[in-house]
Each structure stands twice: as structure tokens, then as C-alpha cells.
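Fit chain P to the known structure of chain F by using the hints.
Residue numbers (this note's numbering), protein chains in the order written: chain F, 1 to 115; chain P, 1001 to 1188.
Source of the hints: derived by calculation from the structure; they are not laboratory data.
Chain F side only, calculated, beta carbon under 7 Å to chain P, not exhaustive:
hint, residue
1, 23
2, 56
3, 64
4, 96
C-beta: ideal position from N, C-alpha, C; glycine also.
One letter stands for each residue in the lines below.
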Amino acid sequence: MNAEPVSTSAKVMDFPTGSGAAAVLAAGIGSLMVALFAIAADQSAAIKSLMIFYKPTGPLSGVTTCAIAVWLISWGILEWRWRGRMISLKPVCTAALILLGISLLLTFPPIADLF
Amino acid sequence: MEITEHSFLTLIHGMGFGALYLLACSGAIVELYRRYAPSCQTQIEVRDERFLGTYLIVMAVLAWLTVLSGAYIVYPWYRAVPPPGTADLTGFPQRLLMASPSTIGWHSIGMEWKEHVAWLVPISITMAAAVFVRYGRNLRRHRELHAAVLGFVFVSMLAAGIAGFFGAMLNKNAPVQGGETIRLMNGK
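Just chain F, with the same shape it has in the complex (with noise of 0.2 Å):
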């Protein structure tokens, strides 16, 4: 038997909440940035040629080139400063899941055509 019951009580470690609340907020923000950058792509005529990084696919390959590249640049600043520490979740994960539903809102076209 490999399995190894463990009590939650008694085995159970305190991990600091640094790296969970960095990667829950980083992943709020990059969900944001999808939407922010379509809607900046879908606005602009400049912007939606800069974005064209795969010229087959067209702004989508920028668009969410850039927001992934955001998202992973902003879990690593957030998971260098935070690591080690206990942050506040209740903030943060409040904060996250804002903008996670903002992103889906403002995903959806009538509503991003309002900008």
C-alpha cells in the first residue's frame, strides 16, 4: 500500500499564502488583459495592425500573445515578492475573481463595443 492517510489535523502544513494569492492575482490580470487588448485591437486600426503577429491568424496571435506574456511577467513579480510571506487572501482573491468576471463581460462583443 502506497497510500498514505493523512489527517488534515495533524500532518497538515502551514504553507504561507504568498504564492497562492501571486498566481490567483496574476491569473485575474491576465484574464483582463485578454479583453483590454481585444477591445484596444478592435478601437484602433493602429493598434490592430501592430497586433498582427501571425499574419494567418491576424490581432488574435498579438492580442493574446501580449496578454499572456503580461499575465506570466506579472505572476513572477508577484511570485518574487510574495513568496515566503503570508499575504492577506481575502483581498487579493476578491480582487482576482473581479477581474475575472469583469474579463468575461467584457468579452462579450455588445458589451466590449460600448468602448
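Positioned in the frame of chain F, the structure of chain P alone reads:
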């Protein structure tokens, strides 16, 4: 029984990677909610923890395969531009949809939403997998972190559902076709 190369790869993108991701979502949500909620008192075995960690990583791989194959393989075929004067738009799905007032919405709302909302999925599930691999059963000790991971996985399912629904409807109204013909089997 034949299928074109483009249709086959579209099928792999949607039914292979995307639908499998959607199927996996419910399992991840149930497991995270049932076993890792702060109020849960049942023991978590190491192998259960490893299983869910692996499960979430596989989901993240599926999510990335779905968006990358969609954006860089299928989408270029969808948005192909016909030569001037082309009357038959069958091989140009975007232009075919935009040619009729009754189908233009599938592009202007359906594809425009799908192509962006789908990218929330890999971001969300990659985060969920990374947090779970790091914290595992310790998620029970951090109520807000548990809620955030569950929330992101739930939204990823919603986003994948939106993308999947519009993908299916777009392909129904203007199928992506072309490339070599693949003969699957001979009928009688």
C-alpha cells in the same frame, strides 16, 4: 465515409481537446468542492492528492492544446479571404456567414466572443493546477484560496462552454472544409 483534412483537425480541436476539457471540468469541480473544502473533515490520502494534481495538469494541457490549435490551425482556415469575384463562399466560412443577415451574428457575436473568451480557460486552469500542486490538502486551511481556485475552475468551464457552443454552431452554419480528403471506411 470521407472527411476533409480541415474538418478532421477541426474535430480534433473541438471534440478531442475542447469537449474533453469540458467533461473534465465537472470532475475537478466536484472533487475540489467535496474533498478540499475547509469544512470537509474526511482524510485525504497522498494518492488522492496526487491524482487531482495530475488531473488538473492534464486539464491545463488540454486547455492549451484547444486554444493553440484553434487559434493557429483552425482559425486561419475560418478567416480565409476569397479571391475577388468568388461566388461560391463554401470554402470561406467567415465570409459565408457575413454574406447573409440571418447568419452574420454567428460571426459578429459568436466567433468574436469565442475567440477571446476561450483564452480565459488556460489561464484559469493553469493557475488552479499550479496552486493545487503547491498547496494540495493545505487548501483546506485557506478558505479564500480554495474559493478562488474553485471560482476560476467554474468560470473556465463557463468560458469553455461558451466557446464550445459557438464553435459547434459556427461549424454547423459554415463548416471549415478543405485540404486532402481522408477516407475513413467504405460503406455498403
